[in-house]
Every structure is written in structure tokens, then in C-alpha cells.
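Asks: Sequence:
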Amino acid sequence: MTAMNPKTIPHVAIVLMEARSEAADRPSLFQESFLLVHAPDEKAARERVERRAREAETGYRNEQGETVVWRLRAIVDVKEAEDTDLTRDADLYTRHFRDYASYERFEPLLSGEEI
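Residues 1110 to 1224 (the working numbering) make up the sequence shown, in order.
None of the hints are false.
Lysine-lysine pairs mimicking PhoX-like chemistry, simulated, CA-CA at most 25 Å apart:
1) K1152 to K1188
2) K1152 to K1116
3) K1188 to K1116
Think of the hints as simulated: they come from the structure by calculation, not from any bench.
Construct the entire structure; sequences and hints are all you get.
Replies: Here it is in C-alpha cells:
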């Protein structure tokens, strides 16, 4: 007899990765990613997210010959998707904030900036 797998639920996670160059004059570059993982609960989802993020950590030499290292900076949030039926249009994730000016400075897409 095989053990039954618990029902998995879609969870959305926000993961922050950081790229650092060995060049002292280069600022870090940050990448915010929204991941979808399926897990029976939030704890299992967080474990899956961390495993995926750790697997994404890497290092390489850029065109200038400098070593660049991408690493997990933070798992910002993991929570069950707002709508769990992903076979149709769905709300995935909602978060709230108070300081729009800070958000506007942080979010380059609001000003039309391309990265």
C-alpha cells in the first residue's frame, strides 16, 4: 500500500537575489522574483522556495573578467495564492504598503525606466 500524498496548494513567494561583483566600485544588483510553488502547507512551501533559490545561486566571470556571484539575499514572503484554481484567471498575491514615494523610487517601471 502506498502513502497518499497530501493535497498540494499553490503558494506564491517573493525571493530577493543579489549579484555582487568583486569590483569594489560596482554596486550590488538585486532581483526580485515571484515564484509559484505547490505544497501542502506554508512551511513546506517555504522549504521548496529556499531549495529553489539556493539552486539558483551561481557565480561566473563577466566580460571584464570580474567574478560575479548571485546569492539568495532573502525570502521576503511565502503565502497561499489568493485564488487556488489556476485553471482560470486568478489573483495570485496581494501585499500592502504605506509609503508610495518610496515605492515609486524603488520601482523603475513606474517611471518607464528599463533595466
